[in-house]
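Novice: Here is what each chain is made of, one letter per residue.
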Amino acid sequence: MAVATPHIALVNIECELKRLWDEQQGQKRTRACLFNLIVFAKKNNRDAYCHSLIEKVLSKFPCRILSITEDETAEESLTTEVSAVAVGKESFCEVIHLSASHTMLERIPSLLLPHIVPDLPVYLFWTEDPTCETTIMPQLEPLATRIIFDATTATDLQTFCHSLTEIMARTSSEVSDPIWSCLKGWRKLFATTFDTGETLRTLMQCKIMRIVYYNSNHSSRRSDIAAAYFQGWIAAQLDWQFHSIEKSEGHVRLTYKRPAHDITVILTPYDDPLEPLSLPPGAFLEVEIESMSKTSWHFKRDEKAARVFVQHSDENRCDLPYVSALSKTLAGEGIMDEIFYPSSREHYRTTLMLLAQIPWEKS
Amino acid sequence: MEKQSETALLNPLQEEGAVMKKLDPCVVVIFGATGDLTGRKLFPALYNLMREGQLPSHFACVGFARREKSHDAFRQEMHDAVNTHSRVKPVDENIWNTFLGQIYYHTSDFDEDKGYENLKSMLADLDKKLGTKGNRVFYLSTQPKYFPTIIEKLSQHGLIYNTNKEKEKWSRIIIEKPFGHDYTSAIDLQQFVLNHLGESQIYRIDHYLGKETVQNLLVFRFDNSIFEAFWNNHYVDHVQITVSEEIGIEGRGAFFEEAGILRDIVQNHMMQLLSLVTMEPPVSLDAEAIRDEKVKVIQAIRPLDMDNFAKYVIRGQYGPGFVNGEKVPGYREEKNVSPTSSIETYAAIKLYIDNWRWAGVPFYLRAGKRLPKRATEIAVVFKEVPGILFSKKKKRGENNVLVMRIQPNEGISLRINSKVPGPQSPIQGVKMDFNYSSYFGLSPPEAYERLICDCMLGDGTLFARGDEVLASWRFMTPILERWGEMPPHDFPNYPAGTWGPSNADQLLASHGQQWRIV
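Top to bottom, those sequences are chains A and B.
So the first sequence is numbered by our numbering: it starts at 1 and just counts up by one.
So the second sequence is numbered by our numbering: it starts at 1 and just counts up by one.
Treat the hints with care, as some may be off.
As the list claims (entries may be wrong) - Straight-line alpha carbon distances no greater than 20 Å define the calculated SDA-like cross-link-like pairs of lysine to any residue that follow:
1. A:K60 / B:R87
2. A:K184 / B:P423
3. B:K373 / A:E16
4. B:K431 / A:E90
5. A:K18 / B:R87
6. A:K18 / B:S438
7. B:K327 / A:S77
8. A:K60 / B:K327
Stated by the list, open to error - Restraint-style ranges between C-beta atoms, simulated for each label pair:
9. B:A73 / A:Q25: 38 to 48 Å
10. A:T134 / B:A310: 23 to 33 Å
11. A:T134 / B:E199: 58 to 68 Å
12. A:T30 / B:D467: 41 to 51 Å
13. B:Y146 / A:T171: 45 to 55 Å
14. B:V219 / A:Q25: 41 to 51 Å
To be verified - To give an idea of the interface, some chain B residues facing chain A are shown, with a C-beta separation under 8 Å as derived from the structure:
15. K167
16. V323
17. S413
Everything labelled a hint here was simulated from the structure, so no lab data went into it.
Glycine included, C-beta positions come from ideal geometry on N, C-alpha and C.
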């Protein structure tokens, strides 16, 4: 049986970089770099998404991109490419693209390590399920200032969350997720709304929480995960103990226990093809909280603007609703938020630890 | 009338501040001329000096080796070598044709008296023919074991002059590293050499000192007032000096099995870098003034605590792996290397300098073969600010770092912290970067060009002095002795293409520090 000749086409990356620098200097551009961004994706899976993401990042910040694509269909293949990208009118940065078959993946770190720009942060954006890759991830992990995962790649959310908590325990790198970042606005809203003793007590006495979220595409896991993250965050911060999960007709019903009472969380996707909303998938439409003391909070998203109507009532009074601005994260900017405006590592960690107890896919 | 400087009185044509190098006529004799160094470095250096008009007008070069060869054959070989290795290519044939008439070859064994008599005659002929006036540079580009023989024979045959007696002409010897293989042998060699030459005639070459970036260390430190203020233990957290090579031993198995990386790189190159970064300002730019300060600081290095040796010294040997995507063999699979070799290809040392300036500051030195990339740099990592104002907004490892990149990508960078635009005020490290090639364009002279020229000038500033070398060996020899007593059981302990053995991280971990990515 003939053995396939490995296809190895490696440019001399250092020479190419020098050539690009000389070329760009001729065009009066300065090389600029704020950070290193390593992106890993599998071909024909997430690579197109990564490509658009890289473009978005480069449109805002000059950085060195080290893009790794694994081609699972190729026999034995390893190629490199180097290109310069203009950023603004005066500067440029470089993209080093490495493409490898699965059998050649082990060589990637040797191509990547020499070209990390020293003394600048290294962000590793792992766009595949971290539980499925053990070849190069262990070598890249120690380099990263922050590792960014995407929960939508997970085949099993519980395993994903468990895996991330293990990574957080063993590495000093920060770990984050753009979906978590997209919830920043709602987390901030809740943190500011329930920031007095009185309001916090009502939240702590919550018996039912309903989250209605926009799920424009039934196959999009992003929306489901965003809702799971948000309720998980609240549950983790208020020390609710997970008890059970049920799914029926697209709704998810979770039961948590506290010493004094049980809490029911209901996640309801909204998807009416006849009345599509002008909101991104996963956007929360409503969050309702009813407490044991018959106090209720109702948060309703304004479809047309990034703001939420907040109404509070109890058995004695009904306050006038007020409007709270919601910080907006545009599509694709979650990763940039995670790079420059990182969320609290501890909150994310405790949220993951709680979600790691919940058998999402098995219920 | 304006007061004139003393120099101007001597030569009314010499402008004040102008550097006027006056090179005496001389012959350079290269022992071991058929070796790798001659073709790769020495002849390209001589050619470029010739090309830039920096060789004496009356000059000759004689290659001395054991292999039988004609003058023309040697000239052709050197032409090809220069064409391959010169920093400026291709060879300018007009210049080469002029140079050709100054290149000669002499065949002899290193211990053959007749060979030295014949050399003496040849050199006398060249003096008459080319006007080289009896001045000699003998470059010992041979294995160290031949140094004593060659020096003795040169002395016996009157080719080395006694400086107390001979004033009309001079002779100097350039000795390649390593100078000795441990403290005792270095002392023996030093005493032997001094029996035949004065210290001023001995030029112990360390080519790192000829690099522009290394020479710039003194200018950077002592001609920029801002840096001296914080170049001390009040502001410096630690210093990392890295000499990283992606290549393996490149066929030098026989040599490396005797040497190891400690002798090959750490004892000489790294100690030079360390001394230049840590020395006190010299009283002048004279060779002796600078070398005095270098010796002082090396002598201030605290001897290693041998009871806690593993906390201060780590060694490693590379196994098979990948470098730049290519599969490479392990050290023990290299040619002329024992399959059970215990020679180190990686070494990392933590040391302290016990003087007022550096007390308490750890210095981390690491050198290795088959690491991910070629890089030599000195990184001065400064202390963290008091954690009052911005500490919570910063990511880990964001101290200010001043990096002096010796090679490649020569330059200097400083990492500072900056606010990211926006209301949330996160803080991001950014780099201010000076790159030699961007500012100064053309490739700088190679180290050997500068060094050979300085030797011809009689300037020993960029050469190691005897006491300097001995001080370095005094620190390193206990390491070699301990390693000799305790063969390693875990070799190879790092795959080629990685940053060395994992236990090297422990040197820094106890201080909450870590190796930089270079």
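Novice: Each hint: holds or not?
Specialist: Against the structure, the hints:
no.	hint	in the structure
1	A:K60 / B:R87	40 Å, violated
2	A:K184 / B:P423	15 Å, holds
3	B:K373 / A:E16	16 Å, holds
4	B:K431 / A:E90	17 Å, holds
5	A:K18 / B:R87	17 Å, holds
6	A:K18 / B:S438	11 Å, holds
7	B:K327 / A:S77	14 Å, holds
8	A:K60 / B:K327	38 Å, violated
9	B:A73 / A:Q25: 38 to 48 Å	44 Å, holds
10	A:T134 / B:A310: 23 to 33 Å	31 Å, holds
11	A:T134 / B:E199: 58 to 68 Å	60 Å, holds
12	A:T30 / B:D467: 41 to 51 Å	47 Å, holds
13	B:Y146 / A:T171: 45 to 55 Å	53 Å, holds
14	B:V219 / A:Q25: 41 to 51 Å	25 Å, violated
15	K167	51 Å, violated
16	V323	5 Å, holds
17	S413	7 Å, holds
Hint violations for this structure: numbers 1, 8, 14 and 15, all remaining hints satisfied.
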